[in-house]
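Asks: Each chain, letter by letter, is given below.
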Amino acid sequence: MAGPLGKDLLGLAPLSADQIRLVLDTAVPFREISERAIKKVPTLRGATIVNLFFEASTRTRISFEFAEKRLSADTVNVASANSSVSKGETLVDTARNLEAMKIDMVVIRHGASGAAQFLAERIESNVINAGDGTNEHPTQGLLDILTLRNHLGDLTGRRICIVGDVLHSRVARSNIWGLTKLGAEVAVCGPRSLLPNAIGEMGVTVFDRIEEAVEWADAFNVLRLQLERMQAGYIPSLREYNRVYGVTRARLEKAPRDILILHPGPMNRGVEIDSDVADGPHSVILDQVTNGVAVRMAVLYLLAGGKPELAEAAKKGVV
Amino acid sequence: MNRDLLLRGGRIVDPSQGMDAVGDVLLRDGRVEACGSSIGTPDGADVIDVSGLVVTPGMIDVHIHLREPGREDVETIATGAHSAAAGGFTGVCAMPNTKPVTDNQAVVGFVKRQGEAAGFARVYPYGAISVGQKGETLAEIAEMAGAGAVAFSDDGRPVESAQLMRTALEYARAFNVPIAEHCEDMTLARGGSMNEGIMSAKLGLKGIPPEAEEIYVIRDILLAKRTGGHIHLCHLSTKGSVELVRWGKDRGINVTSEVCSHHISLTEDAVEGYNTNAKMNPPLRTAADVEALQQGLADGTIDLLVTDHAPHHYDEKEREFADAPNGIVGLETALGINCTYLLHRGIMTMSQMVDAMSCKPAKVFHLPGGTLARGSLGDVTVFDPNRIWTVDPKAFKSKGRNTPYGGHQLTGQARLTVVGGRVVYRAD
Amino acid sequence: MADQIVELNAGTDNLVLVGIQRRGVQLAERIVRIIKAQEGVDIVSGALDITLYRDDLQTVGPRPVVGTTRLPWTLDDQNVVIVDDVLYTGRTVRAALDELADFGRPARIALAVLIDRGGRELPIHADVIGRKVEVNPGQRVDVFIEELDGRDEVLIADRDTEA
Numbered sequence: 000m001a002g003p004l005g006k007d008l009l010g011l012a013p014l015s016a017d018q019i020r021l022v023l024d025t026a027v028p029f030r031e032i033s034e035r036a037i038k039k040v041p042t043l044r045g046a047t048i049v050n051l052f053f054e055a056s057t058r059t060r061i062s063f064e065f066a067e068k069r070l071s072a073d074t075v076n077v078a079s080a081n082s083s084v085s086k087g088e089t090l091v092d093t094a095r096n097l098e099a100m101k102i103d104m105v106v107i108r109h110g111a112s113g114a115a116q117f118l119a120e121r122i123e124s125n126v127i128n129a130g131d132g133t134n135e136h137p138t139q140g141l142l143d144i145l146t147l148r149n150h151l152g153d154l155t156g157r158r159i160c161i162v163g164d165v166l167h168s169r170v171a172r173s174n175i176w177g178l179t180k181l182g183a184e185v186a187v188c189g190p191r192s193l194l195p196n197a198i199g200e201m202g203v204t205v206f207d208r209i210e211e212a213v214e215w216a217d218a219f220n221v222l223r224l225q226l227e228r229m230q231a232g233y234i235p236s237l238r239e240y241n242r243v244y245g246v247t248r249a250r251l252e253k254a255p256r257d258i259l260i261l262h263p264g265p266m267n268r269g270v271e272i273d274s275d276v277a278d279g280p281h282s283v284i285l286d287q288v289t290n291g292v293a294v295r296m297a298v299l300y301l302l303a304g305g306k307p308e309l310a311e312a313a314k315k316g317v318v
Numbered sequence: 000m001n002r003d004l005l006l007r008g009g010r011i012v013d014p015s016q017g018m019d020a021v022g023d024v025l026l027r028d029g030r031v032e033a034c035g036s037s038i039g040t041p042d043g044a045d046v047i048d049v050s051g052l053v054v055t056p057g058m059i060d061v062h063i064h065l066r067e068p069g070r071e072d073v074e075t076i077a078t079g080a081h082s083a084a085a086g087g088f089t090g091v092c093a094m095p096n097t098k099p100v101t102d103n104q105a106v107v108g109f110v111k112r113q114g115e116a117a118g119f120a121r122v123y124p125y126g127a128i129s130v131g132q133k134g135e136t137l138a139e140i141a142e143m144a145g146a147g148a149v150a151f152s153d154d155g156r157p158v159e160s161a162q163l164m165r166t167a168l169e170y171a172r173a174f175n176v177p178i179a180e181h182c183e184d185m186t187l188a189r190g191g192s193m194n195e196g197i198m199s200a201k202l203g204l205k206g207i208p209p210e211a212e213e214i215y216v217i218r219d220i221l222l223a224k225r226t227g228g229h230i231h232l233c234h235l236s237t238k239g240s241v242e243l244v245r246w247g248k249d250r251g252i253n254v255t256s257e258v259c260s261h262h263i264s265l266t267e268d269a270v271e272g273y274n275t276n277a278k279m280n281p282p283l284r285t286a287a288d289v290e291a292l293q294q295g296l297a298d299g300t301i302d303l304l305v306t307d308h309a310p311h312h313y314d315e316k317e318r319e320f321a322d323a324p325n326g327i328v329g330l331e332t333a334l335g336i337n338c339t340y341l342l343h344r345g346i347m348t349m350s351q352m353v354d355a356m357s358c359k360p361a362k363v364f365h366l367p368g369g370t371l372a373r374g375s376l377g378d379v380t381v382f383d384p385n386r387i388w389t390v391d392p393k394a395f396k397s398k399g400r401n402t403p404y405g406g407h408q409l410t411g412q413a414r415l416t417v418v419g420g421r422v423v424y425r426a427d
Numbered sequence: 000m001a002d003q004i005v006e007l008n009a010g011t012d013n014l015v016l017v018g019i020q021r022r023g024v025q026l027a028e029r030i031v032r033i034i035k036a037q038e039g040v041d042i043v044s045g046a047l048d049i050t051l052y053r054d055d056l057q058t059v060g061p062r063p064v065v066g067t068t069r070l071p072w073t074l075d076d077q078n079v080v081i082v083d084d085v086l087y088t089g090r091t092v093r094a095a096l097d098e099l100a101d102f103g104r105p106a107r108i109a110l111a112v113l114i115d116r117g118g119r120e121l122p123i124h125a126d127v128i129g130r131k132v133e134v135n136p137g138q139r140v141d142v143f144i145e146e147l148d149g150r151d152e153v154l155i156a157d158r159d160t161e162a
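Taken in order, these protein sequences are the chains called D, L and S. So that you can map any letter, position 288 of the first sequence is 287 in numbering that gives the first Met the number 0, and since no number is skipped, the others follow by simple counting. So that you can map any letter, position 351 of the second sequence is 350 in numbering that gives the first Met the number 0, and since no number is skipped, the others follow by simple counting. So that you can map any letter, position 55 of the third sequence is 54 in numbering that gives the first Met the number 0, and since no number is skipped, the others follow by simple counting.
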């Protein structure tokens, strides 16, 4: 029987505002657990969770691992070569093997958009998308939103600007879907060559210059700019990017209100964000990390639905 | 010595003769002996009652992919030709992106012979424009034409060098064969797996903008103008392309073009849920593009209807969207789709649709057939434009099952296919 | 109940009341106020949510909402009294004992409940009981309290009727 989120967490686009709020509210008591001396509850004792990471990622995988272990689940980490086309097992076969091993949940990170859905459609285990290509990274979106809510309160009408390479960012997408559903006003700011061509139809405002975004926003979510984008020719140089779009103290000082600073990490200090901002008084980047474990615990808790039919069967002496 | 074949009482639609009337078609020795009303029944003739059905010159699909030589696990010339016959086609042109590439007279001859041996629809081989389809050196067009190649293309890829395309257009003039281009600017399209638009933004997939196609469309039209050669533009998919072709035709440039059944019936919405059976190149686009393409067919800007039949193995399509190969099968659904979306919606008349599937393909590609005039090839398509049926990929004669139309209901279906006076397909 | 708790503890030293979410929390707070009025001493109290320690999570169906746990200090060497509204099978208390063990090592743990309805499935007993009630398994006991439900009331109803 599916829980309140359904069988899988594939993204924020398929969730309703109520479901998103449920996850955020559920994360609150889980944060408290991380502050206890014994940071463990027996809730998922005996459950087996596989972290299937086709893309290298230390921070997300560790965060999930903490979440899983704090719920007393058994964790297995599998790192694999990306893509079915390269040598190694296809995603389909990986899915079938996991199913055969009776895994309860799979956390998957993969380089192809749609990979999490592809897996979820083929196995009965719960599937959690830890980032698929340039599509979504729902737990990151949720922890960003939780962090914003903790500092700004009700997000209706609050102005959140996503700064940077939105075109290639699954974090940006999840944020856009989640925040717009909760009634926030969302904007993006970055070079046009790094914004989707159809951005105008995604329900967000577009700022071509960061000075305009500084005037407008309550919070910035600053995205990491990857070196590959420069090499692929989307922008002329990292140096120019920092000069034109970098979130610097000088720029923030001109803001009419204190702007909360978020960043999904890892940061390129001196490129998209300067150190004195990242370490400054309005940065909530470390809060994001703490909230990350709590949000992931909440997601695991809500997805691992109970099976009342087992209880019924037990009562009848069947099993 | 074969017996005569009489197809009695059908509605004969032959735009080449301006004919649309109930009558009979008599086939003798592989050719049309007579066509019209009150032919009478010769002794010893096989008679098939086709009353209530439409009878047309054999339909020809000038753009399909057979996977032989090289990928016989996915489709052979025989299974492809059988699939064509089941779809009502009496002739198909097979693209040269085989393994090895059909870039010399030996492979051309092989394809031709395999088609003849299979005994279903006629198979006319395409030759490659460049050796290995690498876009570097011109292939031996004259020899391939001599061996039976009817047209030349590097389809699957564009000819990136304008100089090479110019040379090909000039050189091919002497042999009266079309040069067919797959229009795609690879730098714009790089990494893309569907149309660039709101759908690709939502699914987090890199998109291919329409300009990737349109830039090559206008480039090749201009080269055709310069060289006087015949450029045939493959699988148009955008509104802009239609406008550019109109511009070219208005100036008397020798440009012809084709559109696939899927591009006049589906939009990028079919990709929803990362459906790899809706992934092909050029991709499905927007409703505005579909409308412009339909209009292009209706006013004659676009000459031909094709399928770009491209079978793939189930395992190849059963993977992450960006990694799945492009292409869907189409031979057995084309007639149904065209009737449902063009004929029954009043976008094309019966005569126009038959023209685009039969007469004009023959004319544009200089193939025999495309008419039921006395003495012409005994190739006939008989179909029921009103028959409602549900697409079941498992029942396909093709080895490929990769179609987005599985479970769709279509109105219009081939019932009888005759090649050279012989029945090669009969629906149950 | 407040009197009995103080008597059981032989005073108010090291006394800690831990209310079980949800209604146990408010009952614990009321007892704290009574003790303050009678003894003039502020007793420390806290809240415990035992959802994550339930033994029926695998079969209960949709995920129950997790409430707040608020025990901001150590329980080592304290005399803890668990406060809850109804004692029935004893499984809630078992979960509470497991959870408290993760917070420290109290000197002793006692149990105070408003209603003891019998029907124990585990060897758990209450040390302080507001009222013993006889019900059969086909019935349930609903406790309503002012702070959450707008009234103070204890109702015995048949299992299928609406709450």
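What the hints contain is simulated information worked out from the structure, not anything from laboratory work. Predicted, not measured: the structure shown is a model, and the values here were computed from it. Incorrect hints may appear among the rest.
[Claimed, not checked] DSS-like, lysine-lysine: derived pairs with alpha carbons at most 25 Å apart:
| no. | chain 1 | residue 1 | chain 2 | residue 2 |
| --- | --- | --- | --- | --- |
| 1 | L | Lys224 | L | Lys248 |
| 2 | L | Lys224 | L | Lys316 |
| 3 | L | Lys98 | L | Lys133 |
| 4 | D | Lys6 | L | Lys201 |
| 5 | L | Lys201 | D | Lys180 |
| 6 | D | Lys39 | D | Lys180 |
[Unchecked claim] With the Cβ distance kept under 7 Å, some of the chain D side facing chain L (calculated, not the full set):
| no. | residue |
| --- | --- |
| 7 | Gly113 |
| 8 | Glu200 |
| 9 | Met266 |
[Claimed, not checked] Label pairs and their in silico Cβ distance ranges:
| no. | chain 1 | residue 1 | chain 2 | residue 2 | range |
| --- | --- | --- | --- | --- | --- |
| 10 | S | Arg150 | D | Ala197 | 35 to 43 Å |
| 11 | L | Lys98 | D | Glu120 | 27 to 35 Å |
| 12 | L | Gly406 | D | Val75 | 32 to 40 Å |
| 13 | S | Asp97 | D | Ser33 | 16 to 24 Å |
| 14 | D | Val75 | S | Ala100 | 24 to 32 Å |
| 15 | D | Ala197 | L | Asn274 | 27 to 35 Å |
| 16 | S | Ala100 | D | Asp73 | 19 to 27 Å |
| 17 | D | Glu31 | S | Glu28 | 17 to 25 Å |
C-beta atoms are modelled at their ideal positions from N, C-alpha and C, and glycine is treated no differently.
Asks: Going through the earlier hints one by one, which of them does the structure break, listed in rising order?
Replies: Going through the list in order, the structure violates hints 2, 6, 9, 10, 15 and respects the others.
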